[in-house]
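Chemist: Chains as they are written, first to last, in this note's numbering: chain A, 1 to 368; chain B, 369 to 592; chain C, 593 to 995.
Hints listed in this document are in silico derivations from the structure and should not be mistaken for laboratory results.
One or more hints might be untrue.
To be verified - Computed cross-link-like contacts, BS3-like style, restricted to lysine-lysine with a CA-CA straight-line distance of at most 30 angstroms:
#1 B:LYS489 / B:LYS545
#2 C:LYS681 / B:LYS428
#3 A:LYS348 / C:LYS755
#4 C:LYS918 / A:LYS4
#5 A:LYS85 / B:LYS466
#6 B:LYS474 / A:LYS50
#7 A:LYS178 / B:LYS376
What the hints assert, rightly or not - A few chain A positions that, by computed beta-carbon distances, are all more than 12 angstroms from chain B:
#8 PHE29
#9 ASP30
#10 THR62
None of these values were measured; they are calculated from a predicted model.
Note that beta-carbon positions come from the ideal geometry of N, C-alpha and C, so glycine has one too.
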Amino acid sequence: MTIKTEPVTINLGPQHPSTHGVFRLRVTFDGEVVLDVEPVFGYLHRGSEKLAESRTYVQIVTLTDRMDYIASMSNNLAYVRAVEKLAGIDVPERAQYIRVISAELQRIASHMMATGFLLNDLGAFATPLMYCFRERERILDLFEMLCGARITLSYMRPGGLLQDAPPDFWPALDRVVKDLPASIDELEQLITGNEIVLTRTRNVGTLTAEQAIDNSVSGPMLRAAGVQWDLRKADPYEVYDRLEFDVPIGADGDNFDRYVVRIQEMRESVRIIEQCVRQMPEGGPVRSPAPFFIRAPEGDAYSAVEGPKGELGFYIVSDGGIAPYRCKVRAPSFINLTPLREMLVGGKMGDLITTFGSVDIVLGEVDR
Amino acid sequence: MYGLALFKGLGVTMKNLVSPGRMFTVHQYPDRKIGLMGLARMNGQNPLTFTFRQPAEAMKALVGLASVRDRQYQHPRFRGEEFSWYENRCTGCASCAKYCPLGIIKIVTDPAKTDLQEGDKYFLEVFDIDIGRCMFCGLCVEACPYDALHMGSGFEEGRYSRAELVIDKAKLVASPKRPSHWFRPQLAARDAYNPLEGDEADSHDVHRHEKPSLSQQRSRWGQR
Amino acid sequence: MSYEIHAAGILDFGSIYAFIDSLLPEGLDWLAFTVGGFVLSFIVINALVMSTAVYTWFERRTLGRFQNRLGPNRWGPFGVLQPIADLVKLITKEDTTPDDADRWVMTLAPVVLLVPTLLVVAVVPFGQDSFLGRLNIGILFVLGVTSVNTIAIFMAGWGSANKYAMLGAMRGVAMLVSYEVPMALGVVGVVLLSGSLALFDIVEAQPIPFLLVQPLGFLIFVAAASAEMSRTPFDQIEAESELGSGYNTEYSGIKFALLFLAEFMAPLINSMIIVVLFLGGTRGFSPVPGQIWFILKTFAVVFALLWVRATWPRLRVDQIMGFAWKGLFALSLVNIFAIAIEVVIFQDETGAITAGQMWIMAAINWAITIAAVVVTARTLGQRKLERRRASPSPLANMYAEAD
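Hey, can you work out the whole structure from these sequences and the hints?
Modeler: Next comes the structure, spelled out in structure tokens:
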């Protein structure tokens, strides 16, 4: 005898504890098994790209803060690099180093948050999350020293930085960088070998290298699938070509590999910061003279950086005015959601939440 | 394997439970509960003499009822949710209004009342900042050529209605002058000026350059 | 100073009957018994509710410290009045019922959940003379009454007409029914060893705590009990990251307060049962009363459960079921066989086992436990856990162009 059952459709979100914002998934379940997934987004759409068309080039920096609001530095960097490329502005060397330092700090902060929330999605009662937040908090303190804000930083400007780091920043940075490896070790002790984490994340939400490339996935998700691709190495910008670091990759492209790749990237970031502090020129300008109302020549420019979530690119078209004619953002969070259906269908409900958490999206960036 | 790592994890959490030096992820504001030891240390006495001298306070602290005002350490560069504005430095050029990404600064000036004695300057009739819509990016401060507008350091700007969130000229004049170090290296260079500890800076302190005297100006203009 | 069966008692429940009987005229023993019973139930239940309130504070405060937070600390000294603040908030909140809800079922569910939880204390021996009922089938009563929880959780999920609640309730039913089996089988070892179903006799039959004699039974029982009260790593019923709040998604106000009470009382009650079955109950060293020993041991078990909750993530629902049937079930059978054979070998004509013999059993059982756990871990988990070495995919390689 067979029991007649119907699939159940459940709206996961927009109000749900683990949708990382206001994301909505229309999921069809057969009991606990996912039959179909339909992502619905746009709840946080603020029209950043359209707003950019009526802002001057410097004013747009404040808009980029609010896209990926847990990695503002990387957004600022990606945007100002596109403007510099378009308008042909040079950046002083010291500014480039400080940019790299702050971008790597931001990467650590963002990965900390991703790891913490992944574990929260796995059901750990906020303990790893709080340990991650403890470390992120120290990085935010550093950002406060640099630019007076913790989240919406607006630190970078076309042509350099807003202002040089204060003298008390460097000892504080040293302390953080010295303590970080131990904290990451502690986090790994708590999570990496944990059998419950392993059984929950191994071979779950698997994305093969082919699928990842087909879906234009980037960042830790791509590297977890075994594709060695990092814009910092493949197309070095700023001073990355003078720095030594490895690009960690995963074997299977499952949730656990994504977690491991993030942890290893944090270690690499610490290495990069240490090298930057050693190599950096003492003193000197941090901002080349660029007018506030930049009039970029007609034309277009695309510039991408390796953000914490993947390839973050800005495509700016100028018609010669003080505002861009068009500003398109290649948001990694948004594009990394493309293979969502391939990863989720056939899994269990618990896997759905975990896999979704391991993608590490920020809805501000998905909806822009 | 075999679940050993599970117990390693238990060790990590226990370490965090017992080790006293762990940084807390939360900071209490506006006041924080304080124990006997902490209170005695704050009063500069050892716990025994403190208990002997102020038994009531000591008892309160022992049962966890004593609290002291507290606030998280912030860097003097912290951009607060307020502005410090110096009327005598402002020329009414409205650079800040032009630079504002949201267009929330409203300036009305009257050229008829130009003050020639102080140098060329418009008379400001209206200077409104709608901080209900402000995102405190600080571009207006960056734009100000005369160091008249600064980011403040306070952040307790909550109000009960939106209309109260508009800062007008009178409020700006009356507001405490505690400019943040943000984008003002001249303030950072001043010895021991920390706006977060309540230090104030008057209009003479915040300038980038010494203001030329009338005779200097005349001679400079005469040379042109 | 010796490890006594019942360390000196401080609370003699029987004296309350005697006191009431002395106040009443002759021939009204039944009335004295009834009134005394009511008075005692009132005291015990209120003490339990109060200790649950204190426990919520303790749990939140300790979890906070585990997570480098402070936990509740504003209301009263060190925040101990926080449960009262919570209660006031929950009572004054609007008690909403969804339109489609089955009102009767939804309203009754918290009561059905709370009552069996409270009933369990009837048979728990807090001390030599401190107990409500000396039931000769105490452990059966405990197992039977706690399984009513399943119905209550399903009522809550079904009645509130919410898909999340329904999913939580379905998971709850599947999980609770599955974990009844290892829980009961875990108890069998204790019953074999003590030769009685009464909790008093079980305490008396522990010259050394059964935790040492049959660690495997202890592990099984603790795992099953934490599944029964849906604590990590088995908290699938609520699974707040997946289901919002599981079966109590639609509850608010005083109904939620009752669910909350039952939910936080469960760890206390289960800890008491664990203490009675495996840690020697009221046994302790003499000058300190047995009740204090009981409370201390309960506190230790509660803290251990809390520690686990603060550390481990949650298993997936099918993995939990697999763990129950493939892991715990097999282990509990091993435990029963081992204990049964040992009991047959060691017991004398009267069925008694001396402490010395128990130490020998303990040595054998620890070896068996370690072997059984290793074998189970290897068969269940090991194959999945090995990692391949990462090798760069040939599809896109940024180093390729540089070479």
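Chemist: Would the pair LYS681 of chain C and LYS428 of chain B pass a check requiring their Cα atoms to be no farther apart than 30 angstroms?
Modeler: The hint holds at about 27 angstroms.
Chemist: What's the verdict on LYS348 of chain A and LYS755 of chain C, does the C-alpha distance respect the 30 angstroms limit or exceed it?
Modeler: This hinted pair holds, its Cα atoms lying about 16 angstroms apart.
Chemist: Determine whether the non-interface label on ASP30 of chain A survives the test: each CB of chain B must be over 12 angstroms from its CB.
Modeler: 32 angstroms, holds
Chemist: Measure nothing beyond the straight line between the CA atoms of LYS474 of chain B and LYS50 of chain A; if it is 30 angstroms or shorter, mark the hint as holding.
Modeler: Holds, because 24 angstroms separates the two Cα atoms, which is no more than 30 angstroms.
Chemist: Do the alpha carbons of LYS178 of chain A and LYS376 of chain B lie within 30 angstroms of each other, as the hint requires?
Modeler: 24 angstroms, holds
Chemist: Determine whether the non-interface label on PHE29 of chain A survives the test: each CB of chain B must be over 12 angstroms from its CB.
Modeler: Answer for PHE29 of chain A: holds, closest chain B Cβ roughly 30 angstroms.
Chemist: Given the proposed pairing of LYS489 of chain B with LYS545 of chain B, does the C-alpha separation stay at or below 30 angstroms?
Modeler: 22 angstroms, holds
Chemist: If you draw a straight line from the CA of LYS918 of chain C to the CA of LYS4 of chain A, is it 30 angstroms or shorter?
Modeler: Answer holds: LYS918 of chain C to LYS4 of chain A is near 28 angstroms, not above 30 angstroms.
Chemist: Regarding the assertion that THR62 of chain A does not contact chain B, is the least Cβ-Cβ distance greater than 12 angstroms?
Modeler: Check fails; 4 angstroms does not lie beyond 12 angstroms.
Chemist: Take the C-alpha atoms of LYS85 of chain A and LYS466 of chain B, compute the straight-line distance between them, and say whether it is at most 30 angstroms.
Modeler: Roughly 25 angstroms between the alpha carbons, so the hint for LYS85 of chain A and LYS466 of chain B holds.
Hint check: a violation occurs at hint 10 only; the rest are consistent with the structure.
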